[in-house]
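Enquirer: If you want the building blocks of each chain, they are given just below.
Protein chains: 2
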Amino acid sequence: MTPGEGAGAGPVIDGSVLVIGTGLIGTSVALALRRADVDVLLSDVAPENLRIALESGAGRLAADDDEPAIVVVAVPPRHAAHVIADASRRFPRATLTDVTSVKARVLREALALGCDPARLVGGHPMAGREVSGAAGARADLLDDRLWVVTPLDTSEVAHLRQVHRLVSMCGAYPVEMSPADHDSAVALVSHTPQVLASVLAGRLIDADPDHVRIAGQGLRDMTRIAASNVDMWSDILTVNAGPVADVIDGIVAELEATVLALRRVAGAAGDPGSSPLVADVLTAGVEGQRRIPGKHGAAPSAYREVTVVLADKPGELGRLFSVVGEASVNLEDIRIEHVLGRPSGLVALFVKPEAGDRLVAALQGRDFGVRS
Amino acid sequence: MTPGEGAGAGPVIDGSVLVIGTGLIGTSVALALRRADVDVLLSDVAPENLRIALESGAGRLAADDDEPAIVVVAVPPRHAAHVIADASRRFPRATLTDVTSVKARVLREALALGCDPARLVGGHPMAGREVSGAAGARADLLDDRLWVVTPLDTSEVAHLRQVHRLVSMCGAYPVEMSPADHDSAVALVSHTPQVLASVLAGRLIDADPDHVRIAGQGLRDMTRIAASNVDMWSDILTVNAGPVADVIDGIVAELEATVLALRRVAGAAGDPGSSPLVADVLTAGVEGQRRIPGKHGAAPSAYREVTVVLADKPGELGRLFSVVGEASVNLEDIRIEHVLGRPSGLVALFVKPEAGDRLVAALQGRDFGVRS
Numbered sequence: 001m002t003p004g005e006g007a008g009a010g011p012v013i014d015g016s017v018l019v020i021g022t023g024l025i026g027t028s029v030a031l032a033l034r035r036a037d038v039d040v041l042l043s044d045v046a047p048e049n050l051r052i053a054l055e056s057g058a059g060r061l062a063a064d065d066d067e068p069a070i071v072v073v074a075v076p077p078r079h080a081a082h083v084i085a086d087a088s089r090r091f092p093r094a095t096l097t098d099v100t101s102v103k104a105r106v107l108r109e110a111l112a113l114g115c116d117p118a119r120l121v122g123g124h125p126m127a128g129r130e131v132s133g134a135a136g137a138r139a140d141l142l143d144d145r146l147w148v149v150t151p152l153d154t155s156e157v158a159h160l161r162q163v164h165r166l167v168s169m170c171g172a173y174p175v176e177m178s179p180a181d182h183d184s185a186v187a188l189v190s191h192t193p194q195v196l197a198s199v200l201a202g203r204l205i206d207a208d209p210d211h212v213r214i215a216g217q218g219l220r221d222m223t224r225i226a227a228s229n230v231d232m233w234s235d236i237l238t239v240n241a242g243p244v245a246d247v248i249d250g251i252v253a254e255l256e257a258t259v260l261a262l263r264r265v266a267g268a269a270g271d272p273g274s275s276p277l278v279a280d281v282l283t284a285g286v287e288g289q290r291r292i293p294g295k296h297g298a299a300p301s302a303y304r305e306v307t308v309v310l311a312d313k314p315g316e317l318g319r320l321f322s323v324v325g326e327a328s329v330n331l332e333d334i335r336i337e338h339v340l341g342r343p344s345g346l347v348a349l350f351v352k353p354e355a356g357d358r359l360v361a362a363l364q365g366r367d368f369g370v371r372s
Numbered sequence: 001m002t003p004g005e006g007a008g009a010g011p012v013i014d015g016s017v018l019v020i021g022t023g024l025i026g027t028s029v030a031l032a033l034r035r036a037d038v039d040v041l042l043s044d045v046a047p048e049n050l051r052i053a054l055e056s057g058a059g060r061l062a063a064d065d066d067e068p069a070i071v072v073v074a075v076p077p078r079h080a081a082h083v084i085a086d087a088s089r090r091f092p093r094a095t096l097t098d099v100t101s102v103k104a105r106v107l108r109e110a111l112a113l114g115c116d117p118a119r120l121v122g123g124h125p126m127a128g129r130e131v132s133g134a135a136g137a138r139a140d141l142l143d144d145r146l147w148v149v150t151p152l153d154t155s156e157v158a159h160l161r162q163v164h165r166l167v168s169m170c171g172a173y174p175v176e177m178s179p180a181d182h183d184s185a186v187a188l189v190s191h192t193p194q195v196l197a198s199v200l201a202g203r204l205i206d207a208d209p210d211h212v213r214i215a216g217q218g219l220r221d222m223t224r225i226a227a228s229n230v231d232m233w234s235d236i237l238t239v240n241a242g243p244v245a246d247v248i249d250g251i252v253a254e255l256e257a258t259v260l261a262l263r264r265v266a267g268a269a270g271d272p273g274s275s276p277l278v279a280d281v282l283t284a285g286v287e288g289q290r291r292i293p294g295k296h297g298a299a300p301s302a303y304r305e306v307t308v309v310l311a312d313k314p315g316e317l318g319r320l321f322s323v324v325g326e327a328s329v330n331l332e333d334i335r336i337e338h339v340l341g342r343p344s345g346l347v348a349l350f351v352k353p354e355a356g357d358r359l360v361a362a363l364q365g366r367d368f369g370v371r372s
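Line by line, the protein sequences are chains X and A. Note that the first sequence ends on residue 372 in our numbering; no numbers are left out. Note that the second sequence ends on residue 372 in our numbering; no numbers are left out.
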């Protein structure tokens, strides 16, 4: 296939793509490329993942005389630099990219190990699952996901363009950033939240079970990601150690100032008065939370929350959403709150304000208990 | 009505209940009691809340000669002690309780202000909404919720029993704890998570919007409660300052140790090796997260996650849950992941492992894109 000759519009990769590392992301990339009829070569030092990837139709075993147009390195962060540099030597004309979740250190070390700086363009697809390995891979895992592309100052435009093609053929959307910017960004929005969740959850180990039992949705939300894979995160935090330490330092400073302010009011007799600092921390939190884009990247908007009290029996959720569908109301978000120790639940439905009354009327007409 | 004369089984309150403070919780308590035909008296220094509460049928205006059997103080934490002590003087035989979210300091100060120690039994219903005020109140707000009851060493059993009756008549379930234990518990499971969410969200204010844009579900979960009411939380944190500062101190110490470990590997040349401490923090997080009871207070169980790719058009969620209902599959949990900048969404359905295959087959049979 030559450029422009592909089936219809859309990007075309002229040649084969070698995916090194057939874990969750590597195999998903391979499956997505196979879906687009790209010739995909696979290699992995782990025979089990490779076998699963081959059997699931993610590509064929790389042969000695294959000359891939693009090499995608999808190995754990600690091994990525070596594998990238090695690929640079073996395939002297290929575009080199990776999917490692940390960029500056990995790319810098790949260059130090002799990788061709003109052909290297880093990448990081913002997708993942709570499972890992080739068995968890899906052709559509990257569909509609953002994929950060981190060219070096030395990356040639032709190779950058190849990586953009790769991203598009996987169904994802590219966002360009420098490697250092990427690492600061993920340290803030992903790696530090992981550390905070883990440290907070860790405090529950020695807590009285009765104390943990009265926890509400807040603690559940704040510790959900603490259940993540330890080895994978240990690796990520180690390789992005500097930027993560910087973000945590800032958070520690703020927490220490908060503790000081709290100790001051705790020592006060009678009315503890108020602490301007504590109020400032809370106010900044409200402001910062608003900076997170809402659904579909649009500005966050104020939704109306309609809470439904649900009987805990099969089919109740189905019945609920059938009513929602019949009322032609589009749900913006859903949250299920579990009531501990009791066989019932609360479902919070978030809708555009103008749709709220219609939804409430429809639900009440079908005997749902509604709080609005 | 005399004890035992009530309509059928269930608890009976012999006399009227005075609710002082007609905000969200006070008015909800009043509405729940009215639902059970209890004579409810209302009072509030804020005329607007009082008017709404009266108009919504939450009770009648307290008269000079009313002698309530129970007084429920539902005012902000900073004012609770004074109001409790004042009620003790005005109603020398009434059971005295409150719904303040901080207990030891409030009850201690009420006693110091002359409250009768035999009649005082603190309480804290574990319910809330993101709205406040009488207008947000619901008769069923406390249904199936836990309500922490904190008797003093000096509380007489008859008054403790009255508070248990109150809790039951509101549809909630009592959990007994000492005031100090309650405060340590909420410092850990509610107040400190609030501070962490606020501090983390506050770091987003000065971040590059492109950095925030690549955030996934983790950051959203970790900052959701940062949107809470500043005045209310400022008040809560101030009154429970000591226990909250203690919990944050422990978290700061762990974060500082983590930063040290990260700085050590960040400084290492070549392979950063691994940090046993970082792995320990992550492992403790996994372990601690498991301590949070799952749905219905049962031990957390491993659910199968089935992810559905959903077209963003009205009725798709309804169609999805209709299929779930037809397949007679009970959903244990739902999570909606928004894909930024793209008109589609992912819905993660959590079901018992044995129901997974049936659900997947039903969804695929109705043309839903499924990842499992």
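Keep in mind the hints are simulated off the structure, nothing from the lab. These numbers come from a predicted model, not from an experiment. It is possible that some hints are incorrect.
Intra- or inter-copy, both count: the list cannot distinguish identical chains.
[To be verified] With a Cα cut of at most 25 angstroms, we get these calculated SDA-like pairs of lysine to any residue:
1. K352 with A362
2. K352 with A63
3. K352 with G136
4. K352 with E55
5. K352 with E287
6. K352 with G57
7. K352 with S16
8. K352 with Q217
9. K352 with R304
10. K352 with A227
11. K352 with G133
Enquirer: All hints are to be evaluated individually against the structure, with a verdict given for each.
Expert: Outcome of the hint check:
no. : hint           : result
1   : K352 with A362 : within (15 angstroms within a copy, 30 angstroms between copies)
2   : K352 with A63  : neither (56 angstroms within a copy, 43 angstroms between copies)
3   : K352 with G136 : between (35 angstroms within a copy, 18 angstroms between copies)
4   : K352 with E55  : neither (46 angstroms within a copy, 28 angstroms between copies)
5   : K352 with E287 : within (21 angstroms within a copy, 39 angstroms between copies)
6   : K352 with G57  : neither (43 angstroms within a copy, 29 angstroms between copies)
7   : K352 with S16  : neither (47 angstroms within a copy, 41 angstroms between copies)
8   : K352 with Q217 : both (23 angstroms within a copy, 21 angstroms between copies)
9   : K352 with R304 : within (6 angstroms within a copy, 31 angstroms between copies)
10  : K352 with A227 : between (33 angstroms within a copy, 18 angstroms between copies)
11  : K352 with G133 : between (39 angstroms within a copy, 22 angstroms between copies)
The structure shown violates the earlier hints numbered 2, 4, 6, 7.
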